[in-house]
Amino acid sequence: MANIASQRIKREFKEVIRSEEVARCSIKVELLDDNYSQLKGEIAGPPDTPYEGGKFLLEIKVPETYPFNPPKVKFLTKVWHPNISSVTGAICLDILKDQWAAAMTLRTVLLSLQALMASPEPDDPQDAVVARQYKGFPEIFISTAEHWTNIYAGGSRKKEEYSKKIERLMGIGCNMDQALVALSGCNWDLDKAIEQIFG
Amino acid sequence: MNSDEEIPSDEVDSGNVSSSDDVEFPMEVESNTSREKQNEIEDYPYEVLSTEQIVQHMVDSIKEVNSVIQLPHTTIRILLNHFKWDKEKLMERYYDGDQEQLYTEARVVNPYRKSINAQKKQSRRSTGTEECEICYMILPSSMMTGLECSHRFCTHCWTEYLTTKIMEEGLGQTISCAAHGCDILVDDATVMNLVKDSKVRLKYQQIITNSFVQCNRLLRWCPSPDCNNVIKVHNVEPRPVTCKCLHTFCFLCGENWHDPVKCHLLKKWIKKCDDDSETSNWISANTKECPRCKVTIEKDGGCNHMVCKNQNCKADFCWVCLGSWEPHGSSWYNCNRYDEEEARAARDAQERSRSALQRYLFYCNRYMNHMQSLKFEHKLYASVKGKMEEMQHHNMSWIEVQFLKRAVDILCQCRQTLMYTYVFAFYLKKNNQSVIFEDNQSDLESATETLSEYLERDITSENLADIKQKVQDKYRYCDSRRKVLLEHVHEGYEKDWWVYTE
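As you go down the protein sequences, you meet chains A and B in turn. For the first sequence, counting from 1, position 162 maps to 280 in our numbering; every step adds exactly one. For the second sequence, counting from 1, position 283 maps to 285 in our numbering; every step adds exactly one.
Extracted from the complex, chain A is given alone in its bound form (with noise of 0.2 angstroms):
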């Protein structure tokens, strides 16, 4: 691995350890490998939004061209965003893109995430079902992106009605990321959602 990219690392790796946003558990960095190509990243989900109280894993890959190229980043944990794809954890986000920057480290990274997840650009979307029902739909995106993270997360909230609708439908042979992903996808319209999965 190229010298700058590694050094940085290095550097950067420390910098997160001893940032506040540690020390209050909001981000954390581990490593994977010896030569800091391969790292484990983890937010917790902001106050005051539907992702309260989750832990985010984040697989982030750091290229030999770093820090010219921005690293590569995506959601482990699935997650119901309009700018991640609820399939794939893939990000949409401008940093990590053509806005990158040389002078941006892991831990702005981070932040810059916890900050898109409390505020969603429905209008620049990486999953366009979800989008739309942000935009259509905001108390059932809420509650939706609420039961998410406290399937996949750890979060605390959920809705009973929901939990009820998914056994329901893993009562008639679907699994439980198969049934979540209808049902969400169909605004939690239990009829639709079949007709999705057999139809």
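Worth flagging that the hints you see were computed from the coordinates, not collected in a lab. Hints should not be assumed to be uniformly reliable.
[To be verified] The calculated lysine-lysine pairs, modelled on PhoX-like cross-linking and capped at a C-alpha distance of 25 angstroms, are:
no., chain 1, residue 1, chain 2, residue 2
1, B, K205, A, K215
2, A, K190, A, K158
3, A, K253, A, K196
4, B, K91, B, K65
5, A, K158, A, K128
6, A, K192, A, K158
7, A, K310, B, K316
8, A, K310, B, K311
9, A, K158, A, K215
Because the structure is a prediction, the values reported are computed rather than measured.
Knowing the structure of chain A, use the given hints to seat chain B on it.
Below, chain B without anything else, positioned relative to chain A:
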């Protein structure tokens, strides 16, 4: 120019690489051909310039502006690029408008304010070392550098940064400062000072010259592959120009010279061919169009009850009569609604669209055919060379056998003209003049085919004299018919005879 007086010299600030205003753009170019004297072909003068001459042309433009507006060369280059190298526009804005706003728009720092920044840097210098925000190394200030925006990074990181931008993102004149959110542009002198890798330097220069050529209406790259020359004209017109690499093309659109058809129609045609030609045969044989939304459909099952899959249409109709499905309800697989008014209208529409396709295929086939033949005729040059040698063994002098090469030249010209006549004809509406045009076209075509046949014939000592006479007569005839055809079309352009279908 006396920019040194206007601009505080940054010599003390050895870390600031953008200080060398007067550094000429040091070009490393692959080709170095000397300046060509003007070609004058049919009163349309143009010049062929090498990459090196283009760079000189840029430098001259900068100097010209510099003699009026006394700013550093690097600043003028960025300003000129901002105005797409329109000198007049730049000067107008410079003297009429808000200069500060002009600098912001063009993403440079006002060079008259450099002194303030330089002082700031001076004071910071006293600490001796600085931390580079990119690599996090603590380095002596002499290894740090930055633009007029005062964002400083170490030279090594700058080089890496610029290399990434140039090689991976293909940026040239629009690379901005490495600091987040800073849009001040990196000037060419800075890039040339920092980047030492010759491959990167070459790429950077190519990007910059390319943007210069593309911005400038009077310049066009020769489109032939691996040719680095540029054609410079005095006024933009659809005229044939021939590069030093011998490629002849239309200056206006860059396509092969395409007389008699005009650029915009040719462009339309090429796009149509790219979109259609491969699939159109299959489409015409296997599909119909939805009578409501006109989407092309393929029938892949036996049932004649079609439901359009276009989610916005979802029309129910009968495959056989193309009428609405509704009245078919009682007689499902047996269409007896053939005479229904609605169905007839639908079929008529279908027929019109099918016949449009047939018409297109007619012209397209002929166009493609000539294009293909033209490719073969280029092979003919090789075989003709052999024949010419053979003839010289039959008591003919070198000069006497030159007619064969001339014949192939004319054959190629005729093929090329014929090829484009089909594009012209495709868009032409029928009238008296178009009938004359078609007569000319068919006459030229049959003569061209005969000439082509003669040239492929075996030459023996017995038929030599006979063949020479025939070939010469034929190519003279072809050449004159080609000129007649083109003149007729040109006359039509002048007198507004031609009416187009779209």
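Cross-check of the supplied hints:
1. B:K205 - A:K215: 23 angstroms, holds
2. A:K190 - A:K158: 11 angstroms, holds
3. A:K253 - A:K196: The hint holds at about 21 angstroms.
4. B:K91 - B:K65: It holds: about 16 angstroms lies between the C-alpha atoms, which stays within 25 angstroms.
5. A:K158 - A:K128: 14 angstroms, holds
6. A:K192 - A:K158: 10 angstroms, holds
7. A:K310 - B:K316: Between K310 (chain A) and K316 (chain B) the Cα gap is close to 20 angstroms, so the pair holds against 25 angstroms.
8. A:K310 - B:K311: 20 angstroms, holds
9. A:K158 - A:K215: Between K158 (chain A) and K215 (chain A) the Cα gap is close to 20 angstroms, so the pair holds against 25 angstroms.
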